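Peer 1: Here is what each chain is made of, one letter per residue.
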Amino acid sequence: MGQLGGGAGREGRGGHRAGVTMKAEEYQERQVQILGWPVNLASYRLGEVFHCKADNVSPGAALARTTGTTREEAEKKALDRAEQLLSRTRVHTV
Amino acid sequence: MANYAHPETLVSTDWVAQHASDPNVRVVEVDVDTKAYDEGHVPGALGWAWNSQLCDTVRRDILPKAQFEELMASSGISNNTTVVIYGDNNNWFAAWALWQMKIYGHKDVRLMNGGRKKWLSEGRELSKDAPKVSRASYKATGPDNFLRAFLPQVQAALEGGTSSMVDVRSPQEFTGEILAPPGLPETCQRGGHIPGARNIPWGKACNDDGTFKSADELRSLYGAEGIDGSKPVIAYCRIGERSSHTWFVLKYLLGLDKVTNYDGSWTEWGNLVGAPVEKGAAATARA
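Taken in order, these protein sequences are the chains called A and B.
Each position in the first sequence, counted from 1, maps to that position plus 14 in our numbering.
Numbering follows our numbering, with no gaps: position 32 of the second sequence is 18.
Chain A with its partners taken away, still in its complex shape (with noise of 0.2 Å):
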């Protein structure tokens, strides 16, 4: 479920709230440098999970979106996605 697929709508009538609702927790934000670029790591537990969001800073894009058992562990595995992704990056002499 999630996205809407292709446009289709959902069947049903028009009523909103349902199931289970939850809160992200314990939130945080803190800024890192890897291989030289400054990443943006948001963390926050919703229920028994972490999760971690690592997005480099300036043009903001999205880097990685991992979860784990404690905060370090996702923020570990969007690191090391992170790192995976920047290592790519070509600088340009200008």
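Hints in this document: simulated from the structure, not taken from any laboratory.
It is possible that some hints are incorrect.
[What the hints assert, rightly or not] Computed cross-link-like contacts, DSS-like style, restricted to lysine-lysine with a CA-CA straight-line distance of at most 30 Å:
1) B:Lys244 / B:Lys265
2) B:Lys199 / A:Lys37
3) B:Lys118 / A:Lys37
4) A:Lys90 / B:Lys244
In this text, all values refer to a predicted model and were calculated from it rather than measured experimentally.
Based on these hints, arrange chain B on the given structure of chain A.
Peer 2: Chain B in isolation, oriented as in the chain A frame:
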């Protein structure tokens, strides 16, 4: 809100918490990362994928009118629905969706100030359920191409010096040191910027919590680079989504009349044979 020219185009997270289940309000999440919606979203919000539902998937273009009408109808949006859009990266693709809705004449579409980040950081309710919606009837107008710049218009503006161009990418993309945001694939043959463009990265319009800066701060930011409404403005970035964010700021928060989003952006210009390209930092802002 902060003396904006069109405060009706922006709502707070509080407002959304209070109105998300109003029958005439439809909340929609549009993210850069299309998996974010599934992780949890504003209860009752729909999710639109920018890369499949908000563009023509065959040729490079925005959503064709008939498909736009179908997306609205299947999302339970009628012409009179108040649509509130939000998303990650301080509303990048939320602004892209709003821009398209304005092109097709939707009257009441707003951004949730601060986007997904603010909603999360405030510890507000999230749901994993996609809402069930009743199909609506929708008739689009337009397209209003006064909101959009195509290549010939940009070329004419460059030759005639008739418009101010704002490049909203990062300084390193602007100078040509990198050809895409770090970590993303290079999607152009040449780096640099359109000659004469001013570099005002999109993120400078935002506070740390993702909300927009005040009108005075924004006026000062853009005014310092000569973007004051005295000339039409063309905003561009790499593929047109970051520039739709700046387009929103200039048009609705500062109220500049003639602002267009050049969605062809650098992936078009930087691949053109023979197009003039300037490298390095911009010259001092012109008066």
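Peer 1: If a hint holds in the structure, say so; if it does not, say that too.
Peer 2: To see whether the hints hold, each was checked on the structure:
no., hint, verdict
1, B:Lys244 / B:Lys265, "holds (27 Å)"
2, B:Lys199 / A:Lys37, "holds (26 Å)"
3, B:Lys118 / A:Lys37, "holds (21 Å)"
4, A:Lys90 / B:Lys244, "violated (46 Å)"
Hint compliance for this structure: hint 4 alone is broken.
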